Amino acid sequence: MLIASWNVNSIRSRLSQVIKWLEDEQPEVLCLQETKVSDKDFPYKTFENIGYDVKFYGQKSYNGVAIISKDNIADIRYGFPGELNQLEISEELHFQKRIISGLINGIRIINVYVPNGSSLNSEKFNYKVNWLAMLNEYLVKQSKRGEPTCLLGDFNIALDDNDIYAPDKFTGSIMASEIERKMLREALGSRFKDSFRVFEKCSGHWSWWDYRNNSFELNKGWRIDHIYLSNNLLSNLKSSVIERSQRENNQPSDHAPIMINLDFQENLIEFEDDDDDIFNL
DNA sequence: ATGGCAGAAGCATTCTGA
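This note's numbering numbers the first residue of the first sequence as 1 and each following residue consecutively.
One thing to keep in mind: the hints can contain errors.
[What the hints assert, rightly or not] Cβ-Cβ distance ranges computed for the label pairs, FRET-style:
(1) Phe95 with Arg12: 14 to 22 Å
(2) Gln251 with Gly204: 24 to 32 Å
(3) Lys182 with Asp263: 30 to 38 Å
(4) Glu178 with Arg12: 31 to 39 Å
(5) Glu266 with Tyr62: 41 to 49 Å
Hint data in this document are derived by calculation from the structure and do not stem from the laboratory. This structure is a prediction, so every number in the text was calculated from the model and none was measured. Ideal Cβ positions, reconstructed from N, Cα and C, are used throughout, including at glycine.
All chains should be modelled from the sequences, with the hints used to inform the complete structure.
Okay, here's the thing in structure tokens:
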């Protein structure tokens, strides 16, 4: 079972590239971030035409997440608990669509687009810190359910110095500060493992390259897109890769897709739903 | 310290991203 994640930086601009990639790679699940489109304008039919189910949670211009799946997506959660049922949010608050979750083949998929945070002394950084605290709470609840869980997306955090092309230049600043790393580590706890680091311990593997300064050509990148697995899925993990070649496309996203392969031939999932629906209050 | 590049909104230019 192939499960992938891709920050596409506008699904409408990247639609043909994403469709081509789905047809070539045939993943069972692809999670998108930064779709940058209102739900009423999401191009879901293009995905249905090639055999994928689509669930999306977006807004005009900014943010937005989606789950694309060959198999049925059940028990969908839009946003954090209660978020969907809040009254219409004012313009100033600029309500941000950054998390969507669903159950696919017995696996809980949690797709996140963590705020960037701009700079450490900004109001946006406070928002990022608060958002990570909400994610922590969400994941604590999730782990109590015992479901096999795959947490993936654009985290906008390089957890380790070897996730940055020039750690001496960036460690301590936005996406690599001690407070962000601490908060993400706490949210992950001992509950989740970074699938990529199961196989690859070295530096030099990036998922994002800035559009500016010839960053891709110079291979100046960061690894800020991650796929985490709950411990009860680790024995099924066969590979975890970054699809770097997609960054070479014409008019590419600034992120490359990332993808894992889970094999259930030997270890079948056994999980009983306890119907304790703490997420839909 | 600032800008580089790209996308959306919307039609000139600003805002946002990372």
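Please test the hint of 24 to 32 Å on the beta carbon pair from glutamine 251 and glycine 204.
26 Å, holds
Between the beta carbons of phenylalanine 95 and arginine 12, is the distance compatible with 14 to 22 Å?
Distance hint for phenylalanine 95, arginine 12 holds at roughly 21 Å.
Holds or violated: 30 to 38 Å for the Cβ distance of lysine 182 and aspartate 263?
The hinted range 30 to 38 Å holds for lysine 182 and aspartate 263, with Cβ atoms some 34 Å apart.
So the hint says 41 to 49 Å: do the beta-carbon atoms of glutamate 266 and tyrosine 62 match that?
43 Å, holds
Can the suggested window of 31 to 39 Å be confirmed for the beta-carbon pair glutamate 178 and arginine 12?
Given range 31 to 39 Å: holds, Cβ gap about 37 Å.
Violation of the numbered hints given earlier is absent; every hint is satisfied by the structure.
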